[in-house]
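Protein chains: 2
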Amino acid sequence: MFKKNLERRSRKKVIVRQTNRHAVLREQLIDAAERTIASKGLAALRARDLAREIGCAVGTIYNVFDHIDELVLCVGSRTLAMLDAALAGARPAVRESSRTEAVDDLVRLALAYLEFAATHTVRWRALFEHRMSGDRSLPEWFVEQQHWLFAQVEQPLTALLPELDREGRRILARTVFSAVHGIVALGLEEKLVSLSLSDLARQLTAMVRAIAAGREKLRAIDSVAGPADLRRD
Amino acid sequence: MFKKNLERRSRKKVIVRQTNRHAVLREQLIDAAERTIASKGLAALRARDLAREIGCAVGTIYNVFDHIDELVLCVGSRTLAMLDAALAGARPAVRESSRTEAVDDLVRLALAYLEFAATHTVRWRALFEHRMSGDRSLPEWFVEQQHWLFAQVEQPLTALLPELDREGRRILARTVFSAVHGIVALGLEEKLVSLSLSDLARQLTAMVRAIAAGREKLRAIDSVAGPADLRRD
Chain A
1 MFKKNLERRS RKKVIVRQTN RHAVLREQLI DAAERTIASK GLAALRARDL
51 AREIGCAVGT IYNVFDHIDE LVLCVGSRTL AMLDAALAGA RPAVRESSRT
101 EAVDDLVRLA LAYLEFAATH TVRWRALFEH RMSGDRSLPE WFVEQQHWLF
151 AQVEQPLTAL LPELDREGRR ILARTVFSAV HGIVALGLEE KLVSLSLSDL
201 ARQLTAMVRA IAAGREKLRA IDSVAGPADL RRD
Chain B
1 MFKKNLERRS RKKVIVRQTN RHAVLREQLI DAAERTIASK GLAALRARDL
51 AREIGCAVGT IYNVFDHIDE LVLCVGSRTL AMLDAALAGA RPAVRESSRT
101 EAVDDLVRLA LAYLEFAATH TVRWRALFEH RMSGDRSLPE WFVEQQHWLF
151 AQVEQPLTAL LPELDREGRR ILARTVFSAV HGIVALGLEE KLVSLSLSDL
201 ARQLTAMVRA IAAGREKLRA IDSVAGPADL RRD
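If you're matching them up, the sequences are chains A and B in order. No gaps in the numbering here: position 13 of the first sequence is 13 in our numbering, and each next residue is one more. No gaps in the numbering here: position 93 of the second sequence is 93 in our numbering, and each next residue is one more.
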């Protein structure tokens with residue numbers, strides 16, 4: 001009995017040690033992948049290089065992660081957290097709910113997004129370049145984390161368009177985010193647009209203010225009636 | 001003398017034949033690269049596979065093209081021409097210069113862009129994913145072709161904001177294009193937004209109409225005075 005207990009305890013210790021080793025390896029691999037993705041981009045990520053850097057076998061990576069996609073998403077999750085913090089940090093702690101303040105809030109968010117993308121261009125691009133391989137779908141926890149980001153845009157939209165229902169606001173927040181993303185993404189792509197950062201910030205500001213000023217038109221999103229399509233005119 | 005002339009003529013024939021062979025190979029390689037890029041995307045493009053498909057040596061590709069980037073740009077040029085034709089085809093042949101018509105025109109362009117991207121998703125994505133390797137810059141002829149695309153957006157902007165100067169309009173056209181691109185690009189990316197095409201079309205329409213309705217704010221792009229930045233508030 002005494003011996004059995006000892007055995008059980010020692011087996012437990014082994015499991016704990018293995019779990020710890022597993023957790024440590026996991027962190028080391030995410031750190032290494034993060035360094036590569038942040039400096040050289042997604043295309044530079046190779047399982048063999050990661051294994052060499054950490055000093056483990058290539059097969060070990062697949063013991064720790066179900067697939068390379070999972071590892072890439074762990075790095076993406078860190079980027080999303082950084083971005084979320086950058087957006088939150090750009091906004092005043094106490095927010096008025098006036099329409100003017102809501103517009104200023106949207107402009108701040110857009111400029112903070114531009115600043116983040118300009119500062120962390122390589123890892124920010126990786127976030128959008130990555131696609132799950134095969135038929136895999138994005139895990140729920142990652143989708144959830146993206147929602148936090150959109151939720152920051154939903155807040156000022158509530159003050160701007162209080163009559164929009166929750167679902168309408170949720171979708172509009174993504175559309176506004178996407179428009180800002182497009183201006184930032186193509187603006188930072190020198191091959192398409194060659195603007196200074198301050199000129200780009202000016203374009204972005206004017207655009208967000210125009211969208212907010214034309215908010216009456218955004219109500220159409222809520223209505224089911226009326227053709228959205230003009231192509232058949 | 002007679003013999004010399006004959007020699008010269010035969011040398012000329014050889015050169016013409018080589019030039020023809022060069023031109024034929026070039027077309028064959030662009031065709032093959034286009035098939036790959038349009039069906040499997042940019043990442044699937046391999047010099048070795050192309051050479052095998054055409055039945056030439058890998059080295060031959062580099063005799064015909066300065067580098068793989070040039071080949072990719074030739075395919076990109078075809079995609080740009082298709083897109084340009086799709087946008088032009090969506091607009092009425094005779095255009096009024098009223099403000100209402102200009103807004104409808106912008107909406108038509110945005111919806112045609114969405115339709116093109118939804119139909120030719122893989123090759124359209126390749127257009128934006130491709131980056132010149134090393135320190136190479138984009139050739140002038142490709143930049144010029146991109147300009148045609150933006151020029152289509154400039155036309156309705158002239159009616160919408162006649163007071164904007166040419167340079168201001170040129171830059172604004174790219175910003176509007178970029179905003180539409182962002183909504184389309186993230187909208188078609190299922191991992192971020194899951195909207196039906198008709199819902200996406202509705203979002204896009206409302207957004208373009210809002211931007212047009214808030215056009216007074218777009219004039220700020222022209223002015224040099226006034227901070228575009230709210231972050232230091």
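A hint or two may mislead.
Note that the list lumps identical chains together, so a pair holds whenever it fits in one copy or between two copies.
[Claimed, not checked] Under the rule of at most 20 Å between Cα atoms (straight-line distance), these lysine to any residue pairs were calculated in the SDA-like manner: (1) Lys40 to Phe142; (2) Lys40 to Gly134; (3) Lys40 to Phe128; (4) Lys13 to Val24; (5) Lys13 to Leu195; (6) Lys217 to Asp199; (7) Lys217 to Gln28; (8) Lys40 to Ser77; (9) Lys40 to Arg9; (10) Lys40 to Arg131; (11) Lys40 to Arg136; (12) Lys13 to Glu96; (13) Lys40 to Asp135; (14) Lys217 to Arg99; (15) Lys217 to Val24; (16) Lys217 to Ser198; (17) Lys40 to Glu129; (18) Lys217 to Thr100; (19) Lys40 to Cys74; (20) Lys40 to His147.
Read the hints as simulated data drawn from the structure, not as lab findings.
Verification of the supplied hints:
1. Proximity of lysine 40 and phenylalanine 142 under a CA criterion of 20 Å is satisfied in neither setting, with 23 Å inside one chain copy and 26 Å between copies.
2. When the C-alpha separation of lysine 40 and glycine 134 is checked against a cutoff of 20 Å, the pair qualifies only between copies, where the shortest distance is 13 Å, while the shortest distance within a copy is 24 Å.
3. Proximity of lysine 40 and phenylalanine 128 under a CA criterion of 20 Å is satisfied in both settings, with 15 Å inside one chain copy and 18 Å between copies.
4. Taking the closest pair of Cα atoms, lysine 13 and valine 24 come within 20 Å of each other only inside a single copy of the chain (16 Å); across copies the shortest separation is 70 Å, beyond that limit.
5. In this assembly of identical chains, lysine 13 and leucine 195 lie within 20 Å of each other by CA distance neither inside one copy nor across copies; the values are 60 Å within and 50 Å between.
6. Taking the shortest alpha-carbon separations for lysine 217 and aspartate 199, only the inter-copy value of 15 Å comes in at or below 20 Å, while the best intra-copy value is 27 Å.
7. With identical chains, the CA atoms of lysine 217 and glutamine 28 are never at most 20 Å apart, being 50 Å at best within one copy and 49 Å at best between copies.
8. For the identical chains of this complex, lysine 40 and serine 77 are intra-copy neighbours only, at 18 Å inside a copy versus 27 Å across copies, given an alpha-carbon limit of 20 Å.
9. For the identical chains of this complex, lysine 40 and arginine 9 are neighbours neither inside a copy (46 Å) nor across copies (54 Å), given an alpha-carbon limit of 20 Å.
10. Taking the closest pair of Cα atoms, lysine 40 and arginine 131 come within 20 Å of each other both inside a single copy (17 Å) and across two copies (13 Å).
11. Proximity of lysine 40 and arginine 136 under a CA criterion of 20 Å is satisfied inter-copy only: 17 Å between copies versus 25 Å inside one chain copy.
12. Taking CA atoms no more than 20 Å apart as the test, lysine 13 paired with glutamate 96 passes in neither setting, with 55 Å inside one copy and 80 Å between copies.
13. In this homomeric assembly, lysine 40 and aspartate 135 come within 20 Å of each other (Cα to Cα) only across copies, at 15 Å, whereas the closest approach inside a single copy is 27 Å.
14. Taking CA atoms no more than 20 Å apart as the test, lysine 217 paired with arginine 99 passes in both settings, with 16 Å inside one copy and 16 Å between copies.
15. Taking the shortest alpha-carbon separations for lysine 217 and valine 24, neither the intra-copy value of 52 Å nor the inter-copy value of 53 Å comes in at or below 20 Å.
16. Taking CA atoms no more than 20 Å apart as the test, lysine 217 paired with serine 198 passes between copies only; the shortest distance there is 17 Å, against 29 Å inside one copy.
17. In the homo-oligomer, the alpha carbons of lysine 40 and glutamate 129 lie at most 20 Å apart both inside one protomer (13 Å) and across protomers (15 Å), since each shortest distance falls under that limit.
18. Taking the closest pair of Cα atoms, lysine 217 and threonine 100 come within 20 Å of each other both inside a single copy (18 Å) and across two copies (14 Å).
19. In this assembly of identical chains, lysine 40 and cysteine 74 lie within 20 Å of each other by CA distance solely inside one copy; the values are 17 Å within and 26 Å between copies.
20. With identical chains, the CA atoms of lysine 40 and histidine 147 are never at most 20 Å apart, being 27 Å at best within one copy and 30 Å at best between copies.
Going down the numbered hints, you'll see the structure goes against 1, 5, 7, 9, 12, 15, 20, while the others check out.
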